[in-house]
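Visitor: Residue-level listing of the chains:
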Amino acid sequence: MAVAEQRTSPQASPEQAPQTWHGIIQQTLKRNDIRLVPYVPDRVLTTLIKNLHADPFFTTFPTAREEEAVGIVSGAWMGGMKGAVLMQTSGFATLANVLASLVAPSQIPLIMFVSERGTLGEFNLGQSLVCRTMRPVLDSLAIEHHTCTRLDELEFIADRSIKQAVTTQAPVALILNPLLTGGKVFDK
Amino acid sequence: MSPQANMPARNTKVMNRFDVTSRLVAKLKNEEAVIGGIGNTNFDLWAAGNRPQNWYMLGSMGLAFPIALGVALAQPKRRVFGLEGDGSLLMQLGALSTIATLAPKNLTMILMDNGIYQITGSQPTPAAAHTDLVAIAIASGIVNSAWAADEEDFERLIDQSMSASAPTLIGVRIDDKPGTGTTRRDPVQIRERFMLGLGVRRAL
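Top to bottom, those sequences are chains A and B. With the first letter of the first sequence counted as 1, position 174 gets the number 174 in my numbering; the numbers rise by one all the way through. With the first letter of the second sequence counted as 1, position 77 gets the number 77 in my numbering; the numbers rise by one all the way through.
Simulated from the structure, these hints should not be mistaken for laboratory data. Treat the numbers as computed from the prediction; the structure is a model and nothing was measured. We put the beta carbon where it would ideally sit given N, CA and C, even for glycine. Heads up, a few of these hints could be off.
To be verified - Not everything, but these chain B residues come out facing chain A in the computed CB check (under 8 Å): (1) Asn11; (2) Lys13; (3) Pro66; (4) Thr182; (5) Val200.
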């Protein structure tokens with residue numbers, strides 16, 4: 001896009017003014033031709049999910065379980081369509097089997113965005129405990145993961161991680177920390 | 001009142017997984033994709049004749065239909081078949097609702113139902129005595145769902161699904177025989193060959 005055009009259309013839509021974390025993710029998905037985005041929702045992801053639904057570029061829909069979404073994007077990848085899965089921490093905790101038995105051994109570039117619950121102000125003990133299982137599971141399978149805490153780093157991390165996943169045929173998890181998203185707090 | 005009082009009679013013939021899989025494969029003339037679920041469904045798919053458009057699932061029990069859905073969404077002009085066992089489907093019943101909602105007309109799901117976890121020692125599934133999985137599929141919104149009465153009816157339902165305007169699920173009552181072949185457990189090669197077969201990749 002021309003610089004002049006950028007100046008004359010400020011904040012026309014979330015994707016053209018990616019000053020929010022969800023705007024940056026939406027634009028980065030688009031730039032990398034990631035069209036298929038199944039999800040199991042999280043309060044923190046609400047705006048991103050709403051905006052993906054509103055954008056005809058994306059095929060986005062809820063699934064009943066996170067591993068179902070992983071199966072769908074794995075099949076789509078084999079059929080030539082790129083995808084990503086959105087979930088929260090407790091949803092990631094249901095994925096150890098599919099990561100170990102499908103994604104990792106088949107070398108599928110699964111792209112996961114995980115809204116991080118269980119830290120920095122968590123009010124639900126179950127969430128805080130399940131959160132502690134996430135990075136050990138990723139590390140035990142040597143799955144690349146990054147914790148996104150800063151808006152100014154998000155585009156770099158997301159764009160580079162997606163490209164690395166695709167070119168090296170390896171999964172990646174991008175963990176969206178409350179420092180980036182604001183998280184979910186008791187009095188909200 | 002018996003829990004089965006309101007269920008349709010299951011007067012369907014008990015068929016054989018390898019036989020019906022072979023009947024399916026014999027009908028494939030247009031490079032249709034076939035996703036074989038965990039264990040016996042993919043073993044019999046392997047034994048029915050290895051095709052570049054076959055994909056064999058080695059783990060991730062319950063994901064044959066979701067994976068087939070993904071292929072169907074990526075390649076809407078290609079017919080995609082998913083082969084799944086009853087125990088596997090029980091692990092992922094919610095997938096039926098997702099498929100009903102997205103409604104890809106190029107997806108045909110074949111459910112092999114023997115009421116047992118054959119591969120782990122033939123223990124009955126929790127659904128064996130009282131659950132009609134085709135009725136669950138219909139209630140999930142997959143209206144083109146039916147039990148195949150016999151082999152001839154199975155072939156008719158396959159043909160019908162090829163030009164259907166919505167996804168199809170075909171239930172097949174099968175015997176307790178183990179799979180006929182053994183898939184070579186090489187997931188990278190299976191995935192790569194499948195992608196070559198679907199025209200997504202070109203060989204080096």
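Visitor: In ascending order, which of the hints set out earlier in this document are inconsistent with the structure?
Guide: Violated: hints 1, 2, 4.
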